[in-house]
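Undergrad: Whole structure, please, built from the sequences with the hints as guidance.
There are 2 protein chains.
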Amino acid sequence: MDRKESAAGPRGILAAVLTPMDEDLKPDHKAFAAHCHRLLAAGCHGLSVFGTTGEANSLSVDERLAALEGLLDGEVPVKTLLPGTGSCALTDTVRLSRAALEAGAAGVLVLPPFYYKGIDDDGLFRFFAEVVERLGDDRLRLYLYHIPQMTGVDLGLSLISRLIDAYPGAVVGTKDSSGDKGRIMTLCREFPDFSVLAGTETLLLETLRGGGEGCISATVNVTSRLARHVHDAHTSGKDEEAEALQERLTELRASIEAYPVIPALKQLMARLTGNEKWCNIRPPLSELDEETAKNLFSTVPLAELL
Amino acid sequence: MDRKESAAGPRGILAAVLTPMDEDLKPDHKAFAAHCHRLLAAGCHGLSVFGTTGEANSLSVDERLAALEGLLDGEVPVKTLLPGTGSCALTDTVRLSRAALEAGAAGVLVLPPFYYKGIDDDGLFRFFAEVVERLGDDRLRLYLYHIPQMTGVDLGLSLISRLIDAYPGAVVGTKDSSGDKGRIMTLCREFPDFSVLAGTETLLLETLRGGGEGCISATVNVTSRLARHVHDAHTSGKDEEAEALQERLTELRASIEAYPVIPALKQLMARLTGNEKWCNIRPPLSELDEETAKNLFSTVPLAELL
Chain A
131 MDRKESAAGP RGILAAVLTP MDEDLKPDHK AFAAHCHRLL AAGCHGLSVF GTTGEANSLS
191 VDERLAALEG LLDGEVPVKT LLPGTGSCAL TDTVRLSRAA LEAGAAGVLV LPPFYYKGID
251 DDGLFRFFAE VVERLGDDRL RLYLYHIPQM TGVDLGLSLI SRLIDAYPGA VVGTKDSSGD
311 KGRIMTLCRE FPDFSVLAGT ETLLLETLRG GGEGCISATV NVTSRLARHV HDAHTSGKDE
371 EAEALQERLT ELRASIEAYP VIPALKQLMA RLTGNEKWCN IRPPLSELDE ETAKNLFSTV
431 PLAELL
Chain B
131 MDRKESAAGP RGILAAVLTP MDEDLKPDHK AFAAHCHRLL AAGCHGLSVF GTTGEANSLS
191 VDERLAALEG LLDGEVPVKT LLPGTGSCAL TDTVRLSRAA LEAGAAGVLV LPPFYYKGID
251 DDGLFRFFAE VVERLGDDRL RLYLYHIPQM TGVDLGLSLI SRLIDAYPGA VVGTKDSSGD
311 KGRIMTLCRE FPDFSVLAGT ETLLLETLRG GGEGCISATV NVTSRLARHV HDAHTSGKDE
371 EAEALQERLT ELRASIEAYP VIPALKQLMA RLTGNEKWCN IRPPLSELDE ETAKNLFSTV
431 PLAELL
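In order, the protein sequences belong to chains A and B.
Take 131 as the starting number for the first sequence in our numbering and just add one per residue.
Take 131 as the starting number for the second sequence in our numbering and just add one per residue.
Pairs involving identical chains hold if they fit within one copy or between any two copies, as the list cannot separate such chains.
DSBU-like cross-link-like pairs, simulated, lysine-lysine; straight-line CA separation at most 30 Å:
(1) K407 to K247
(2) K160 to K424
(3) K247 to K424
(4) K247 to K311
(5) K311 to K368
(6) K160 to K209
Read the hints as simulated data drawn from the structure, not as lab findings.
TA: Structure follows, in C-alpha cells:
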C-alpha cells in the first residue's frame, strides 16, 4: 500500500473558502452553501471553510457554528469539509472541533493559540494536547495550521514530531502557509505518514511530487479548475503537461496576489456572479476601492477563473 | 476645571487582574472576586480584569461573561472595573462591551483586532467605528489597548486622533503597553482630554507628571501598596518622596520581570495566599517549573508584595 492509499483525510485541491456576508456583515448561509457547491463543481476535492480567507477569526464561535449548520442544511457533502476550528481560547477550539467531528467533517484545521507571543514548545504542545484529550474522540483528524505571518507563532519540526508521536492517528497533517518550499519538502520527507498540504497552489505540483497531498489555498476560490487540471495531469503521469499547467496556474495566482487577496477575491466573486453583496467584508479587512477594483478587473484574466 | 477633574473614568493605580483558575482551568469565580477585593484593599483605584495578564483571550466569550457575573455576585464594586472586551471578532467585542456597559463598568478596554497583520488605518478605524456604532450607548467609555508586542498591530497617533474626533466622549483613553516613554508623553501632550494610562508602573510617576492618569499593570497584582504610595506622594506634592518610592517600585517590578510575568505572578499569589491552585494557568502559558519558582522566591522581596 503506497502512502497515498494509506493516508486518511483530505487530499488534492482544497479551497480556503471565502465567507459571503450580508449587509450586516453576517455570514450569508445560502450564498455560502452555493459557493461550496460551485467550488466542488469546479474541481475542488475538498473545502477548507473557516480559515484565514474565510475571515473565521472575525466571526464569533456561535456564528461559525451556525454557518457550519447552514452548510449541512444546504447539502454540502460533509466529508468534503476541513473546517478551521482554531482560536486563542482552548475551550473555543474544543467546542468548534467537537461540532465539526460530530457533523462528520473529514478533519479539523487548527491554528496555534495566537494571542501570546514568544510561547515555547512546551506551551504549544500542552495546548494541542489539551485539545486532543478534551475531545477524546477516535474520529479526530487534526491538521496543524502553520501560518506564522498571521499568528506570529512558529510550529517547528520538533514540536510537530512530538505531537505526531504523542497522538498518532489524531495529529495527521498540516496546512503549511509559510510559503517555504524547503520546509514543505522537509515535512514530506521527515514525516512520511503525515499529510502535507501547501498553503498556495503555486507549490502544488512540487508538493505532490515531494509526496504531499495537495494544496489548500485562498486563490483556489477562483482558480480551482486550473488547479484541478494540474493535479490530474500529475496523477495520470503527464509530467510535461502538468508543468505547463502549473506555470499558467502560478501566473494566474500572481495576477491576484498583486492585490490584497481576500478583498480581491470577494470583488472577483461579485464580478463573476453579478452579485455585489459578495464585496461585503468584516473589519479589519476592507473592500477594495473603486480604482483598485477597476485595475483588478483589467489585470486578472477573468475568463480563466473558477 | 483642570484636566483631572474633567476626565471621566478610571484613574490612578489599576491592576491588570490575574484570573485564578480551578483544576479544570476554568475561572474560579470566588477566588477571582476575593482577589479583586484584596487588590482594592491594597490600594488599587481600579481593576482592569480580562486583559493580557488575565488570560482573557484564552477564555471563551461565555467564560468571560460568566466571570464578570461572578465578580458582581461577589460584590466587587462595578465602578472600579475596566474590563477588557477585545477580541478578533467584531461581534464578540460588541457582545462583551455591551455586557460590561450594562453592568455599569467604568469603561471598556478594547484591543484592536489582532489576527490579521498589515491592516491599514482605514480597516482599524472601521473596526472601532463599528464597535461604537453597534453599541450605540452614551455610557460607552472606550479605552484603546495598545500592546503591539502581542497584537502585532500599531495604533498610530493619526488613527487615535481620528477616533477621538469621530467619537468624542466615547473614545476617551488608552492603556499604552508599548513601554515607550516618548510615545506616552506625546499622547499626554497631543490629546489633553484623553486619559493615558501606562502599561507598567515603572512609568507611573513620569506618566502622572506628564498629565496622564496613572497605570494599568500586571505586576500591580503584587505591587499595589507601593504603587499607591508613589501615586499619593505625587498627588500631595511630595516630589522627592515620590521619586524615592518610584525608584523602589521600579526595582520591585524588575525583580519580577526577570521571569515569565504571568506564571511568575500566579506563583507569587500561590505563595502569598498559601493556595497552590493559584498556579493553574491555561495553555499556551505554562506554570513555572520547580527550580524557576525557587529562584523567584529567593530573588523577589516577598515581604514588600501586595
